[in-house]
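What follows is the residue order along each chain.
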Amino acid sequence: MTPEEAVMTQESDASVPEVSEPGASRSGEAVGALASPRPRIDVSGAATPEGRADTQTVFHCDDIHVYYGDFLALRNVSLDIAAHEVTAFIGPSGCGKTTFLRCFNRMNELIEGARVEGSINYHGVELYQDEVDPVEVRRRVGMVFQKPNPFPKSIYDNIAYGPRLAGAKRSELDDIVERSLTRAALWDEVRDRLKTSAYGLSGGQQQRLCIARAIAVQPDVVLMDEPCSALDPIATGRIEELIAELKTEYTIIIVTHNMQQAARISDMTAFFSVQANEMGQRTGELVEYAPTSLIFTNPDDPRTEAYITGRVG
Amino acid sequence: MSVFTTPAGIATNAADALRRRPGADVAGATFKWLLIGATVFATGFLAVLLAVMVIDGWDVLSDNLGYFLTHGFSQRSAGEAGVWQGIIGSLQVALVTALFAVPIGVATAIYLVEYAQGNRFARIVELNIRNLAGVPSIVYGLLGLAVFVQTIHGFTNGKTVIAGGMTLAALVLPIVVITSVEALKAVPDSLREAAYGVGATKWEVLSRQVLPAAMSTILTGTVLALARALGEAAPLILVGAATGFMTFGDANLAETFTGPYTALPVLIFSFARQPGADWGANAAAASVVILVLVLAVNGLAIYLRNRFEKQW
Chain A
509 MTPEEAVMTQ ESDASVPEVS EPGASRSGEA VGALASPRPR IDVSGAATPE
559 GRADTQTVFH CDDIHVYYGD FLALRNVSLD IAAHEVTAFI GPSGCGKTTF
609 LRCFNRMNEL IEGARVEGSI NYHGVELYQD EVDPVEVRRR VGMVFQKPNP
659 FPKSIYDNIA YGPRLAGAKR SELDDIVERS LTRAALWDEV RDRLKTSAYG
709 LSGGQQQRLC IARAIAVQPD VVLMDEPCSA LDPIATGRIE ELIAELKTEY
759 TIIIVTHNMQ QAARISDMTA FFSVQANEMG QRTGELVEYA PTSLIFTNPD
809 DPRTEAYITG RVG
Chain B
112 MSVFTTPAGI ATNAADALRR RPGADVAGAT FKWLLIGATV FATGFLAVLL
162 AVMVIDGWDV LSDNLGYFLT HGFSQRSAGE AGVWQGIIGS LQVALVTALF
212 AVPIGVATAI YLVEYAQGNR FARIVELNIR NLAGVPSIVY GLLGLAVFVQ
262 TIHGFTNGKT VIAGGMTLAA LVLPIVVITS VEALKAVPDS LREAAYGVGA
312 TKWEVLSRQV LPAAMSTILT GTVLALARAL GEAAPLILVG AATGFMTFGD
362 ANLAETFTGP YTALPVLIFS FARQPGADWG ANAAAASVVI LVLVLAVNGL
412 AIYLRNRFEK QW
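Protein chains in written order, with the numbering used here: chain A, 509 to 821; chain B, 112 to 423.
Chain B with its partners taken away, still in its complex shape:
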């Protein structure tokens, strides 16, 4: 029977015409299984990576975790080396990164969306920022070395936490700008019009309606950007994160911002290039530590976001 039966044909032969035909949608079923396969591969890949990290680092994580978390780098033996300075350094660098990247990035996005309103200048700037997001991180390291370490040495005091944080801020700034731009564009115009309609000024519309509406998305994007910054090693090595033994001396926490520093990813690099399986275990254990740190930061972001949505 032809696929296109006439209405009369269906009426007289409904049971046959309407019967489900096996294999009618082979392409759709195949596509579904391909998608499932891709999902399994992606999550499986991650799971294996995690498992390998935990297994390789198990000796350190199970027997020596307290010491590992509270002691600094040591060249003498793997057992004496810890990641304390890396944790402190990473958090400090992340803090500086956030202090520079978030206000500048969000402000840029607000200008582009709310003030430049998609004019030619805004479109050119936005396009360039999107391109900047694709620039390799090592290039930002070179920029940091030239500008933050050397040109404005007086402010950063050379190869310090501040220079490292500013370098990573430059690295994640495009991501912060882009996610903030998307968040602001997603705020419906009807909300802006409603506020203007009852006599709100531009500032009142922005501060009381548009920013609160966009804030949860902006926060999420910003924290994801910071998580990326937490994991960067290459640019930090260029702007002076210590790859070997270092000491804070008798500097207090505030003073360490303008002194030598290291960061977790840099420590992992340091551990990994030492010969011997026990150093490899250190690298794996440090990787688990950095993962936990990133997850904690993301968790904090989710918590903040939920609080923000309730309060508004």
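Chain A on its own, in the form it takes in the complex:
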């Protein structure tokens, strides 16, 4: 789906196709919203969560702050993630893009002392409220990590692990495994050795296995944290092709250090930057959020331009 198509879909679907900036007073947010020619759905105007669920917005983030203990790692992030698009987070090291990514499936709370403030609304449900079960969130919002991390089990059991936890019947598992591996473009390479250890696969194959494992539980969103940083260019190319195919079914959010990669595969790009306060604490913030084509051709913020042209970072 090109950005233009996305705009059309959104205009036709959205009950309130009004251009507005819910966070206009916040610098990072305002910059992104103003730079975008794409109508932002006015969720602040939608009174009921049901009204919001009809739109194409999967996540609506408002004023996110993330703390590790007393340390403020990320401040003031507000953005919307659209369905069936690839959204890329780019920015220099320590800018909080991975931290932000891990907010979407409540992975941050596994870290001692981590705290998320603000609101992330997922299909009309406030993610950070006590009634929400993080385990259920992670079943719907899958994750692929920086280093391939298959379980020390067979290829088959790696894929079947999640569905088994979710209560899949034994008779369904063979189908799920084949479908997931096919979807991750790995089936033909491993069909004859499903019962062998996943550690026998190459790095690129292991990462595709991890993608297959993530989609085996039929998630809604797949989060990817620099999925190609440990891979060679050929394996990276295969993963990128895969991402392009997967977005027809899944919403994908990807963190990448590789700006060419973001430009190649994403529909929307969020640029994060990092600022040190007088105490020397480095806090990340969202600088600009816009369609990828715009970010890379006509960025609104001078910091974005400096970063993508290679003058900073």
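Do not rely on the hints blindly, as some may be mistaken.
As the list claims (entries may be wrong) - Label-pair ranges, simulated between beta-carbon atoms:
| no. | chain 1 | residue 1 | chain 2 | residue 2 | range |
| --- | --- | --- | --- | --- | --- |
| 1 | B | Val165 | A | Asp740 | 56 to 64 angstroms |
| 2 | A | Gln783 | B | Ala149 | 32 to 40 angstroms |
| 3 | A | Gly788 | B | Lys296 | 24 to 32 angstroms |
| 4 | A | Gly788 | B | Asn239 | 57 to 65 angstroms |
Stated by the list, open to error - Per the computed footprint, the stretches of chain B lying under chain A, defined by three or more beta-carbons under 8 angstroms from a beta-carbon of chain A, are:
| no. | region |
| --- | --- |
| 5 | 190 to 199 |
| 6 | 299 to 308 |
Claimed, not checked - Here are the computed lysine-lysine pairs in the DSS-like style, where the Cα-Cα straight-line distance is at most 27 angstroms:
| no. | chain 1 | residue 1 | chain 2 | residue 2 |
| --- | --- | --- | --- | --- |
| 7 | A | Lys655 | A | Lys755 |
| 8 | B | Lys143 | A | Lys661 |
| 9 | B | Lys143 | A | Lys655 |
| 10 | B | Lys313 | A | Lys661 |
| 11 | A | Lys703 | A | Lys661 |
| 12 | A | Lys755 | B | Lys296 |
| 13 | A | Lys661 | A | Lys677 |
| 14 | A | Lys677 | B | Lys313 |
| 15 | B | Lys296 | B | Lys313 |
| 16 | A | Lys703 | A | Lys655 |
| 17 | A | Lys677 | A | Lys655 |
I should point out that these hints are in silico values taken from the structure, not numbers from a laboratory. This structure is a prediction, so every number in the text was calculated from the model and none was measured. C-beta atoms are modelled at their ideal positions from N, C-alpha and C, and glycine is treated no differently.
With chain A fixed as given, assemble chain B onto it according to the hints.
Chain B alone, transformed into the frame defined by chain A:
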């Protein structure tokens, strides 16, 4: 020629500049020989110890082994004394020790690593447990006497196998906790995240991923701790292991857990303090027996560990 020749200098005079100089790394070579010397000393020391034990106990081991292994202690003469009760007692005590130390120790480690997650409380507890591992075993004997023999007399029935096993469990508990903590910490977080990422609950992550991954190390550490317990004499003497003649009476095996008992190291102590060379031979032979026993337990652990790794 100076050590730091210029690139141009090397180019014009490569053969000379690159030639290996004898004695260039005397310190490194000396260090290597020191290390080899230390290794030889350590293994040699052990070998001599073993040889002395086998030679001293040879009379018993060669002529009288069957009788020695199947008869109880006797004060009448060295030739009539055997270690049967010691073998049974040691195995019983080890069993009780394992029953108490392993579940409690592993559970403590799981709590400290997976639930307390390195908070202040966990750090203080861990530090104290590490210190406890250094407490002399005789102190645990006193603890056992005061608590397991006297305070909870109703449960242990006084100076019995259960009291001895619990005392040794207290002794090895810190070792079990520490090795289990290290084993759990060595499980990479990426494994936990992978499991959480597909919607596993904390229990599912622990029981299906983290514990299996750590289990072989935990097993090894636990068995090493039990081997140490098998060799302890001092605390057992304090909590009532018999140092002289004893009888099970007509008690069956289950009943012996709550009756008088002895253990191999205690028997060695008993043999060694009797006058005469033939008693010394008994002590040496009993030492060989306990060594074989410990090796057998370790072998069992290696077997279990390999099985475990394959199955997982």
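Against the structure, the hints:
no., hint, result
1, B:Val165 - A:Asp740: 56 to 64 angstroms, "holds (59 angstroms)"
2, A:Gln783 - B:Ala149: 32 to 40 angstroms, "violated (55 angstroms)"
3, A:Gly788 - B:Lys296: 24 to 32 angstroms, "holds (30 angstroms)"
4, A:Gly788 - B:Asn239: 57 to 65 angstroms, "violated (35 angstroms)"
5, 190 to 199, "violated (count 0)"
6, 299 to 308, "holds (count 9)"
7, A:Lys655 - A:Lys755, "holds (22 angstroms)"
8, B:Lys143 - A:Lys661, "violated (41 angstroms)"
9, B:Lys143 - A:Lys655, "violated (38 angstroms)"
10, B:Lys313 - A:Lys661, "holds (19 angstroms)"
11, A:Lys703 - A:Lys661, "holds (9 angstroms)"
12, A:Lys755 - B:Lys296, "violated (37 angstroms)"
13, A:Lys661 - A:Lys677, "holds (20 angstroms)"
14, A:Lys677 - B:Lys313, "holds (22 angstroms)"
15, B:Lys296 - B:Lys313, "holds (16 angstroms)"
16, A:Lys703 - A:Lys655, "holds (22 angstroms)"
17, A:Lys677 - A:Lys655, "violated (30 angstroms)"
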